[in-house]
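These protein sequences, in sequence, are chains H and Z. Residue numbering for the first sequence is 1 to 113, as defined by this note's numbering. Residue numbering for the second sequence is 1 to 143, as defined by this note's numbering.
Some clues are possibly wrong.
[To be verified] Pairwise CB distance ranges, derived in the manner of DEER restraints: (1) 56(Z) <-> 40(H): 36 to 42 Å; (2) 90(Z) <-> 95(H): 23 to 29 Å; (3) 7(H) <-> 127(Z): 55 to 61 Å.
[Claimed, not checked] In silico DSSO-like pairs for lysine-lysine, Cα to Cα no more than 27 Å straight-line: (4) 89(H) <-> 137(Z); (5) 50(H) <-> 89(H); (6) 89(H) <-> 83(Z); (7) 137(Z) <-> 83(Z).
Calculated from the structure, these hints are not laboratory results. C-beta atoms are modelled at their ideal positions from N, C-alpha and C, and glycine is treated no differently.
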Amino acid sequence: MQFEERTIDNVRVLSILQPRLDVRSAADFKQTVADMIARDRGAIVIDLGKVSFIDSTGLGAIVSALKLVGRDGELAVAALSESVATLFKLTRMDKVFRAYPTVDEAVSGVAAK
Amino acid sequence: MASYTFTIDSDFDQVPDLGARLRASCEAMGLQSGDAIEIEICVVEAVNNVIEHGLNRRAGHPIEVTARLDGSTFITEVHDTGKAIPRERLEAKDVEPDPDDVLSLSERGRGLATMRAVMDDVSYASRNGHNTLTLSKHVVPVR
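In isolation and in its complexed conformation, chain Z is listed as follows (with noise of 0.2 Å):
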């Protein structure tokens, strides 16, 4: 089973790199390209969070991200330690648009609502400090 680790800073300058190898790795794991913007999307959301909300966007800190094809669901992992997600934003409710309220329309906080839409699983443990956000989603690959 092929898997990948990427590193990086805690620094957005950092993110496009880290997203780009890990749409390339996705599609070296056979992904179909559709699945892998998505799984690009979600991950660079998951990582901006831990730099803006987890560090404060302080830099220096260390932000690992896996990725790996177990049969045909693929895993991707965040892992830092920043402070975790609080219980509260977890398990807020998704709130859908309404085209016909433009006024009402939240301009943030879409990240895990973007996580939920594209994965089967979003997981989150917090131990010790070190926090790890877990995607998961079955794919078709494309061989």
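The shape of chain H in the complex, shown without the other chains (with noise of 0.2 Å):
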């Protein structure tokens, strides 16, 4: 699976740049999300402006990526596709993950905490 990782204002952005998060690409992104994770628990932005859509392994995915970080971790998710966000709703994630129309808000929303 193809990824980018940058940093902005200290907060660690995660791009992902498929346009399907689903049950093929799910264990990779687990497992690059799990090593970002391990490296630096600090702030972290998954960017989903490239993805039309996830399945519910893909949601599980950034659910297990969510966990990793804990009650305390900073995690949001950036540029929701409708499909994306209609997902995130119909599974109530839209009331557990922050999530902002763009990566700088996303970025601004986490550093802000």
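Taking the hints as your guide, dock the two standalone chains into a single complex.
If you want it as structure tokens, here you go:
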């Protein structure tokens, strides 16, 4: 799976560069984000701007990332497409994750806390 | 009444295209795009479950998805010949996620709960090795 990792204002941004986060790519994503968190427990934004579809396995991988950072950790998602936002709403994950329309707003959001 | 039938092999690589074609057929039948998106999400879950759990990821087994609009009720069926969904799974209560208890969130098993959140009816029949999942939803067409 293709990712891009960068740091903006001390917040790490992990951008998924493929249009689907699903049963085929979820394990790879889960490992990548787990490695990031193991290296550094600081704030993370998952940029979903290029992702047009996520299935429940992909969502599970994002949930696993949230569980790794824990209650006091900082993790937000950004740039959800309509399909992705719909899945979050249907599964009530919109009540669990902080979601921002853009990466910049997500970076400000996690940095501000 | 327009109806559509899509058949794929039991291969995860074929699921995205199936989802897209199903969504396009919903829009062709006049469904609003929000409904079409929710239906695509449900059918992708259902088909993934067939491949993962019903067939243990074995390729070479056809999965058929039908879609039709009956008045203002949209009905989709997923047909397969894998292992049937166990009754306990079908009857298990959907667990509400607790946003204040991050560690308790489940990472798997949301498929049926998602279908029940979208659909007005979720029913399942397994007869002579043929399984049929039927999902139906009352819709307000665009036109």
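Now for the hints, and whether the structure bears them out:
no.: 1; hint: 56(Z) <-> 40(H): 36 to 42 Å; in the structure: holds, 38 Å
no.: 2; hint: 90(Z) <-> 95(H): 23 to 29 Å; in the structure: holds, 26 Å
no.: 3; hint: 7(H) <-> 127(Z): 55 to 61 Å; in the structure: holds, 57 Å
no.: 4; hint: 89(H) <-> 137(Z); in the structure: holds, 18 Å
no.: 5; hint: 50(H) <-> 89(H); in the structure: holds, 19 Å
no.: 6; hint: 89(H) <-> 83(Z); in the structure: violated, 30 Å
no.: 7; hint: 137(Z) <-> 83(Z); in the structure: holds, 26 Å
Consistency note: the structure conflicts with earlier hint 6 alone.
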